[in-house]
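Quick note: the sequence shown uses the UniProt record's numbering, first residue 1, plus one each step.
Just to be clear, a hint being listed does not mean it is correct.
[As the list claims (entries may be wrong)] Subject to a maximum C-alpha distance of 20 Å in a straight line, what follows is the list of computed EDC-like cross-link-like pairs (lysine to aspartate or glutamate):
(1) LYS108 <-> GLU166
(2) LYS150 <-> ASP26
(3) LYS94 <-> GLU54
(4) LYS167 <-> GLU185
(5) LYS190 <-> ASP179
(6) LYS94 <-> ASP179
(7) LYS50 <-> GLU60
(8) LYS41 <-> ASP26
(9) LYS33 <-> GLU54
Calculated from the structure, these hints are not laboratory results.
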Amino acid sequence: MKKTKKHMSSPDPKRGHHVINNGVKDIYPDILKGFVDTYSKAFFGSNNYKNLGELGIMNEHGLPVDCVLGVAPLLPNTHTGIQNSTVCAPGKEKHTNYGNAVKFGWAKLELLARVNFLMYDICTSLTDRKEMPNDLDEKMGELRQFISDKFNRDVFVDEQAKGWWEKERGRGGAKRLEDWTQEVERMLMKIAGEDNIQLVIHWGQWAFRVAQGFKCSHVKSKVEY
1 MKKTKKHMSS PDPKRGHHVI NNGVKDIYPD ILKGFVDTYS KAFFGSNNYK
51 NLGELGIMNE HGLPVDCVLG VAPLLPNTHT GIQNSTVCAP GKEKHTNYGN
101 AVKFGWAKLE LLARVNFLMY DICTSLTDRK EMPNDLDEKM GELRQFISDK
151 FNRDVFVDEQ AKGWWEKERG RGGAKRLEDW TQEVERMLMK IAGEDNIQLV
201 IHWGQWAFRV AQGFKCSHVK SKVEY
């Protein structure tokens with residue numbers, strides 16, 4: 001009996017190896033959740049991430065209810081593609097590139113910490129001085145450099161899984177993968193981009209506005225009481 005070729009792609013994403021690290025697709029809401037969880041007592045009257053959603057301050061994507069900030073960072077097809085694009089080791093080969101996942105995990109933790117601290121700096125400066133931090137340009141440059149050097153495609157793409165994927169899926173699959181990778185790169189650079197899109201500044205300003213809203217509501221409730 002003729003043996004059929006074993007299909008490498010996993011029908012269940014939980015069983016295969018992600019080509020693009022699945023943790024990259026939700027990095028915007030993860031940044032904001034990290035900020036709220038860390039600084040809620042200082043700025044949001046101890047309201048947590050879930051409470052902000054229930055209050056209508058965050059949308060269904062876990063992003064601010066804002067015409068610009070509330071837009072999902074990735075196209076739906078890209079989001080789904082990253083989530084579902086997994087591959088199993090062909091034949092007797094074994095997946096050995098576990099260091100990539102570790103590297104991604106540490107890089108993501110550092111990115112979240114850097115962005116959260118810069119948001120805190122912006123929010124605090126606007127609260128105390130009514131203006132942006134004096135060293136904002138320098139810190140933005142450092143953040144851009146970190147993303148470029150430490151959170152690039154070498155970090156969020158598993159090269160071993162990518163090779164298996166491209167071998168199985170051919171030119172069409174490789175093209176889709178490259179399109180998704182480039183979209184992720186654009187998403188990351190928007191965090192501290194050199195053009196008009198510098199999300200960390202917008203997020204810091206958003207945190208300040210929300211904090212002021214909670215502060216005014218607190219003062220109003222005390223007066224009414």
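Query raised in the report: Of the hints given before, which are not true for this structure?
Result: 1, 3, 4, 6, 8
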